[in-house]
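**Q** Given these sequences and hints, build the entire structure.
2 protein chains.
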Amino acid sequence: MKEKATSFDIAYLAGVSQSTVSRALRNSPQVNKETRDKVHAIARQLNYKVDKNASNLRKQRSSTLALLLFEDPTTDESLINPFFLSMLGSITRACAQRGQDLLVSFQQLSDDWHADYEDTKKADGIILLGYGDYEDYEEKLNKLLAQETHFVCWGADVEGHPDFTIRSNNRQGGRLAGEHLLALGHKRFAFIGNASAGSPEFNQRFLGFCDALQDAGIDRAAILQYNAISTEQAGQLAVHNLLESGQPVDAIFCASDLIAIGVMQGIQQQGLRIPDNIAVMGFDDIPVASYTTPPLSTIQQDTSLAGEMLVENLLRLVNNQPIETNQIEPKIVIRTSCGTASKG
Amino acid sequence: MKEKATSFDIAYLAGVSQSTVSRALRNSPQVNKETRDKVHAIARQLNYKVDKNASNLRKQRSSTLALLLFEDPTTDESLINPFFLSMLGSITRACAQRGQDLLVSFQQLSDDWHADYEDTKKADGIILLGYGDYEDYEEKLNKLLAQETHFVCWGADVEGHPDFTIRSNNRQGGRLAGEHLLALGHKRFAFIGNASAGSPEFNQRFLGFCDALQDAGIDRAAILQYNAISTEQAGQLAVHNLLESGQPVDAIFCASDLIAIGVMQGIQQQGLRIPDNIAVMGFDDIPVASYTTPPLSTIQQDTSLAGEMLVENLLRLVNNQPIETNQIEPKIVIRTSCGTASKG
Chain A
66 MKEKATSFDI AYLAGVSQST VSRALRNSPQ VNKETRDKVH AIARQLNYKV DKNASNLRKQ
126 RSSTLALLLF EDPTTDESLI NPFFLSMLGS ITRACAQRGQ DLLVSFQQLS DDWHADYEDT
186 KKADGIILLG YGDYEDYEEK LNKLLAQETH FVCWGADVEG HPDFTIRSNN RQGGRLAGEH
246 LLALGHKRFA FIGNASAGSP EFNQRFLGFC DALQDAGIDR AAILQYNAIS TEQAGQLAVH
306 NLLESGQPVD AIFCASDLIA IGVMQGIQQQ GLRIPDNIAV MGFDDIPVAS YTTPPLSTIQ
366 QDTSLAGEML VENLLRLVNN QPIETNQIEP KIVIRTSCGT ASKG
Chain B
66 MKEKATSFDI AYLAGVSQST VSRALRNSPQ VNKETRDKVH AIARQLNYKV DKNASNLRKQ
126 RSSTLALLLF EDPTTDESLI NPFFLSMLGS ITRACAQRGQ DLLVSFQQLS DDWHADYEDT
186 KKADGIILLG YGDYEDYEEK LNKLLAQETH FVCWGADVEG HPDFTIRSNN RQGGRLAGEH
246 LLALGHKRFA FIGNASAGSP EFNQRFLGFC DALQDAGIDR AAILQYNAIS TEQAGQLAVH
306 NLLESGQPVD AIFCASDLIA IGVMQGIQQQ GLRIPDNIAV MGFDDIPVAS YTTPPLSTIQ
366 QDTSLAGEML VENLLRLVNN QPIETNQIEP KIVIRTSCGT ASKG
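Just so you know, the protein sequences line up as chains A and B, in that order.
Everything in the first sequence is counted per the working numbering, starting at 66 for the first residue and increasing by one.
Everything in the second sequence is counted per the working numbering, starting at 66 for the first residue and increasing by one.
Treat the hints as calculated values from the structure; they're not laboratory data.
It should be emphasised that the depicted structure is a prediction, and the values quoted were computed from it without experimental measurement.
Do not rely on the hints blindly, as some may be mistaken.
[To be verified] Far from chain B, some chain A residues (derived; all Cβ distances over 12 Å):
| hint | residue |
| --- | --- |
| 1 | Gln301 |
| 2 | Leu337 |
| 3 | Thr358 |
[Unchecked claim] Derived EDC-like pairs: lysine to aspartate or glutamate, alpha-carbon spacing no greater than 20 Å straight-line:
| hint | chain 1 | residue 1 | chain 2 | residue 2 |
| --- | --- | --- | --- | --- |
| 4 | B | Lys187 | A | Asp166 |
| 5 | A | Lys187 | B | Asp166 |
| 6 | A | Lys187 | A | Asp166 |
[Stated by the list, open to error] Partial chain A-side listing against chain B, Cβ under 10 Å, derived:
| hint | residue |
| --- | --- |
| 7 | Leu150 |
| 8 | Gln162 |
| 9 | Thr214 |
Yeah, the Cβ is synthetic: ideal placement off N, Cα and C, and Gly gets one too.
**A** Right, here's the structure in full:
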């Protein structure tokens with residue numbers, strides 16, 4: 066036989082359909098052993114080579130990953146959280162580096178996305194990125210698991226959940242913030258950000274902060290905590306309430322840089338100086354953080370690495386390989402908003 | 066007839082195939098008039114309603130738009146231009162508002178994207194966004210036109226090109242910058258940014274700047290110009306060369322905010338003050354611009370509106386409607402980097 070053998074040649078000789086041939090060559094259990102053996106024997110005889118591209122097509126791989134963005138509906142509609150936007154950029158780039166297209170779709174928590182992607186051939190797997198209330202979409206995550214959709218999720222380390230969550234070590238990040246503020250001699254602390262099960266990332270930052278202070282003999286009851294979602298406005302409002310309360314404070318750890326920027330504005334509007342009167346620490350290291358006055362000390366989440374890890378791990382799941390690493394370690398970035406020398 | 070009529074019922078009664086029925090109901094010229102009339106008559110008789118969703122499927126609409134991002138390969142690989150990133154965010158959002166998914170793909174200028182999307186059913190149309198050298202991809206744009214791909218492009222108003230380019234009025238933006246610097250009493254001007262056919266957007270900003278100065282009697286030959294691509298590093302290097310040259314300058318208009326940030330750093334490293342010694346003006350209004358020291362006066366491109374206009378116009382093309390508006394007007398944002406009162 067001079068021409069290159071095709072799966073149709075094998076199908077003809079084996080007396081089965083071409084789709085049975087491709088299934089048999091993939092050792093699919095849908096084909097009985099007798100037929101599988103027969104097909105393999107003929108394939109060897111014809112010196113048949115599987116065309117990888119065609120094989121991908123048969124497996125209906127789209128070489129496309131889907132990114133579902135969940136927006137906090139409470140924030141200004143014309144803005145995207147800068148941490149989000151940075152992740153969108155790094156995920157896009159990580160996909161490009163791995164030959165994947167990225168299908169981006171904004172979602173509402175109420176949408177039927179969990180069902181929508183079940184049988185679609187649009188994407189091989191899903192990345193979920195969002196800051197909504199975690200408790201609201203836990204049920205949908207469980208449905209995705211049940212229907213064996215390949216997916217990863219950027220978020221918090223929630224107890225009892227398997228490896229699909231790729232995350233920062235938020236608790237360690239909170240600890241780093243606390244240790245830094247203690248080392249600078251600060252004594253009266255506040256945390257601004259939602260700290261509850263509905264915001265598990267913020268909550269873990271708060272718990273890590275408490276860990277560090279507790280190790281220094283400061284009781285959790287002595288740490289002031291004011292709620293805020295991740296916006297400048299929320300930060301400004303929260304610090305206003307904190308200062309109005311008259312409770313003394315000399316260092317504030319904010320659950321995000323956006324909150325910290327609002328907190329700095331609120332403090333400066335009261336005629337107080339940063340860090341001389343109050344130190345302010347952020348979390349994220351968004352691009353703006355190095356340009357604020359004073360430049361913001363913060364806990365960095367490496368969005369570039371995070372994007373790579375999401376894409377890499379999703380591709381592992383798509384290829385039926387286990388996830389090996391699902392946590393990135395935060396890093397402290399010291400600028401001047403917390404002071405530079407110990408207050409003694 | 067009690068059940069809802071389907072196109073199969075019409076096909077059966079008309080004695081034609083179901084696909085002929087759908088074509089006839091869309092008044093396709095592929096079906097002769099006699100058959101079209103017959104099909105329409107039966108459809109009326111059966112009180113048949115076209116199912117819009119099914120109709121979309123037949124036209125093979127994917128409800129997906131593709132965004133091809135072209136990155137300037139000369140910039141740091143781990144960074145995305147913040148103007149780009151902001152556009153990515155606003156395009157994603159504009160798609161969501163119109164029920165479209167967005168397929169994002171990073172491209173190299175060397176890639177065969179013009180051919181790749183010709184017959185694909187992945188997307189109904191393409192948005193091109195990039196800062197590469199325009200002359201390098203003009204040929205590919207012409208191929209897209211020739212193969213009747215629906216596409217729009219963010220970029221410059223290049224002579225002889227039809228409506229597919231959605232753009233800022235860059236020349237008017239340059240004029241606004243020049244008029245503002247003149248009104249503040251500045252007299253010796255420089256422009257930092259590439260000003261050639263390969264960078265038509267920057268070039269038009271430069272030309273608009275020259276227009277304003279020329280109206281005030283300042284000859285174009287008197288305006289210093291230093292090349293820079295859109296990075297902080299390039300801005301810093303260019304202003305270093307400008308200051309080294311010893312030529313007097315009291316106001317610098319930069320082709321982008323990234324360049325302006327580098328220029329401000331370069332000026333401050335020489336111990337000079339902004340705006341007292343040298344005024345600095347940017348272009349874009351990226352988020353960081355309001356946080357620099359001093360806050361950067363700049364020409365704003367409304368990325369939210371730009372994203373909407375790209376998506377809206379692409380959908381018009383997909384639906385065979387003409388583009389009506391393809392230009393957004395820039396707006397000056399006055400902060401303090403150019404001074405606030407006239408130097409007289």
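**Q** Against this structure, judge whether each hint is valid.
**A** Verification of the supplied hints:
{"no.": "1", "hint": "Gln301", "verdict": "holds (15 Å)"}
{"no.": "2", "hint": "Leu337", "verdict": "holds (19 Å)"}
{"no.": "3", "hint": "Thr358", "verdict": "violated (6 Å)"}
{"no.": "4", "hint": "B/Lys187 / A/Asp166", "verdict": "holds (11 Å)"}
{"no.": "5", "hint": "A/Lys187 / B/Asp166", "verdict": "holds (11 Å)"}
{"no.": "6", "hint": "A/Lys187 / A/Asp166", "verdict": "holds (11 Å)"}
{"no.": "7", "hint": "Leu150", "verdict": "holds (5 Å)"}
{"no.": "8", "hint": "Gln162", "verdict": "holds (8 Å)"}
{"no.": "9", "hint": "Thr214", "verdict": "violated (17 Å)"}
Comparing the model with each numbered hint stated earlier shows that hints 3 and 9 do not hold.
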